[in-house]
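Peer 1: Going down the list, the sequences are from chains A and U. Mapping of the first sequence onto this note's numbering: position 66 corresponds to residue 213, and the numbering continues sequentially without gaps. Mapping of the second sequence onto this note's numbering: position 164 corresponds to residue 275, and the numbering continues sequentially without gaps.
Don't take every hint at face value.
[What the hints assert, rightly or not] Straight-line distance between alpha carbons at most 27 Å, and here's what the computed DSS-like set of lysine-lysine pairs gives:
1) U:Lys372 with A:Lys186
2) A:Lys256 with A:Lys241
3) U:Lys372 with U:Lys339
4) A:Lys282 with A:Lys326
5) A:Lys186 with U:Lys339
6) U:Lys372 with A:Lys241
7) A:Lys269 with A:Lys282
8) A:Lys256 with A:Lys282
9) A:Lys285 with A:Lys326
[Said to hold, decoys possible] These stretches of chain U come out as covered by chain A in the derived footprint (C-beta under 8 Å, 3 or more residues):
10) 152 to 162
11) 198 to 205
12) 223 to 231
13) 252 to 264
14) 307 to 313
15) 331 to 345
To be clear, the hints were calculated from the coordinates, so they are not data collected in a lab. We put the CB at the ideal spot given by N, CA and C, even for glycine.
So the chains spell out like this:
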Amino acid sequence: MNMNRRQFFRVCSAGLGGSSIALMGFSPNAALAEVRTFKLARATETRNICPYCSVSCGVLIYSTGDKSKNAPAEIIHIEGDPDNPVNRGTLCPKGAGLRDMIQSQNRLKWPEVREAGSSEWKRISWMEAFDRIAKHMKADRDANFVAQNEAGVTVNRWTSTAFLASSAAPNEAGYLTVKTIRALGMTSIDTQARI
Amino acid sequence: MQTSNLAFQPPAEEAAPYLLPDGSTLFAGRAERFAALAGGHSLGDWLAFLGRLSRAQHDALQALPELPLPDAARLAQAKTHAMPPLDASAPPAAWRDALRRIAGQLAADAPAAARRALEALAAADDAWLDRLATGLLAGEAAAEDAAELPFVAAALQVVFTQLAGRLDASALQPLDAAGVCPCCGSAPVASIVRIGSAIANLRYLHCSLCNTEWNVPRAVCTACGGDKDVALHEIEGGGQPVRAETCDSCQSYLKIVYQDKDPQVDPVADDLATLALDLLVDEAGYQRSGPNLLLIGAQGE
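Excised from the complex, chain A in its bound form:
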């Protein structure tokens, strides 16, 4: 009987007894009995980019938990991606601590507000946060917008508020950020990617 290629590669419990191990005179029985006491542990391996700065180092993320089996995913290890041409497997101290940042108890996961005069942070919804930010921006822009300078030249600038953009944004989001902010007349714009 000839094996096909797929069978040729295969190694399975039912096969060891008729394999070259047994035919050469060695017993696979102890190994077969031992396997019954073993269990498989599974981790997924994923590529990603470190969120901290403009260098954008590649990272490999290892997590346990199988989505199909309803187990909550947990990140168990993060290391530099050796295949990434930017960092070649290395990470700075901040990047090397990424897992602790992700699992930190103090990590901010939703909008919070501390009202004037209060010492407490209060959780608010994303919609409420957007509304409050928009109101603050409009009030400041209405008060400080400069349509013309002393010489009477139209300048349409708003210099009393600044904007700090995300370092994790792609080119397209960066383009839209500048379009939106410049349309409001804001002159001070920077990005976390420079920090």
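Assemble chain U onto chain A, guided by the hints.
Peer 2: Then chain U, alone, in the frame of chain A:
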């Protein structure tokens, strides 16, 4: 404020995409690894025997005369068509000498069944040996030859390892067919994550026949190239430097060994010392995507 330019330095050496086998140490190192793994192992006798087989491979390789490499026209043709420079379907005749040498060296120290196989091989005519080799290299071996085939494979590894080791690594290129050896076109036995200055933590596939290694990105399926459903399986609490890299897209797996967890790991020896992992991953429904030629006929049915 005074400013000065940062002294950016390019890496001292580029990571090599291809690592050719070093015949002077490869099989001797594998023999030591087999011997180290055999202690206290449930298949210890078998692993120790394979260690002696690797030692015989080392001796046969040292005794092997320098075989002719493919000529310039053949190399150019392979280059043009992105084909492997070595033709694994046509082993040089010297492989039979290597086999007889290995058989002679091992027979005295082998279990009765293995000794019968070795004596049959030593006495066999060229036609039968060539038939065994052709079937093995085509991946269509006959199950009833399973006792002889690992020795045939060992001899073929010796000649192809010598040939591959003498090729020009800078002339190698990725082939049209994905996931096969750039020197001889054979399937890989396992991956190894290497240590070293330029190649630290890079993954190389290890050829099951000629022991050449070629770089493949990590966290990518070595069979289908997908990166969406790659997972690593290991035996719980096993503490071994070996995992099975599975892919849910193509339902295949191949083992990956980590040199940073144990600098002595060997893709061939550690693969055979972790058969329990194969059995469990096979039960979980994954198909192995490359052979270990020192173990034949473990497919069942």
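Peer 1: Now look at each hint and say whether the structure bears it out.
Peer 2: The hints, checked one at a time:
As the CA atoms of Lys372 of chain U and Lys186 of chain A are separated by approximately 21 Å, the hinted pair is consistent with the 27 Å bound. Under the criterion of a C-alpha separation no larger than 27 Å, the hint pairing Lys256 of chain A with Lys241 of chain A is consistent with the structure, at around 19 Å. Restraint check for Lys372 of chain U and Lys339 of chain U: the C-alpha separation of about 26 Å stays at or below 27 Å, so the hint holds. For the suggested pair Lys282 of chain A and Lys326 of chain A, the alpha carbons sit about 20 Å apart, so the restraint of at most 27 Å is met.
Restraint check for Lys186 of chain A and Lys339 of chain U: satisfied, since their Cα atoms lie roughly 24 Å apart, inside the 27 Å limit. Taken as a hint, the Lys372 of chain U and Lys241 of chain A pair is honoured in the structure, with Cα atoms around 24 Å apart against an allowance of 27 Å. Restraint check for Lys269 of chain A and Lys282 of chain A: the C-alpha separation of about 19 Å stays at or below 27 Å, so the hint holds. With a C-alpha separation of about 23 Å, the suggested pair Lys256 of chain A and Lys282 of chain A falls inside the 27 Å cut-off, and the hint holds.
Using a Cα cut-off of 27 Å, the hinted pair Lys285 of chain A and Lys326 of chain A holds, with the two alpha carbons roughly 18 Å apart. A count of 5 residues in the segment 152 to 162 of chain U with a Cβ less than 8 Å from any Cβ of chain A is obtained; the coverage claim is therefore met, three being the minimum. Counting residues of the segment 198 to 205 of chain U whose beta-carbon sits less than 8 Å from any beta-carbon of chain A gives 0, not enough to reach three: the coverage restraint is violated. With a threshold of 8 Å between beta carbons, the proposed coverage of the segment 223 to 231 of chain U by chain A holds, since 4 of its residues qualify and at least three are required.
For the segment 252 to 264 of chain U, the proposed coverage by chain A is satisfied: 8 residues have a C-beta within less than 8 Å of a C-beta in that chain, meeting the threshold of three. Proximity of the segment 307 to 313 of chain U to chain A, defined as three or more residues with a beta carbon under 8 Å from a beta carbon of that chain, is established by the 3 residues found. By the rule of at least three residues with a Cβ nearer than 8 Å to a Cβ of chain A, the coverage given for the segment 331 to 345 of chain U holds, with 6 such residues.
Going down the numbered hints, you'll see the structure goes against just number 11.
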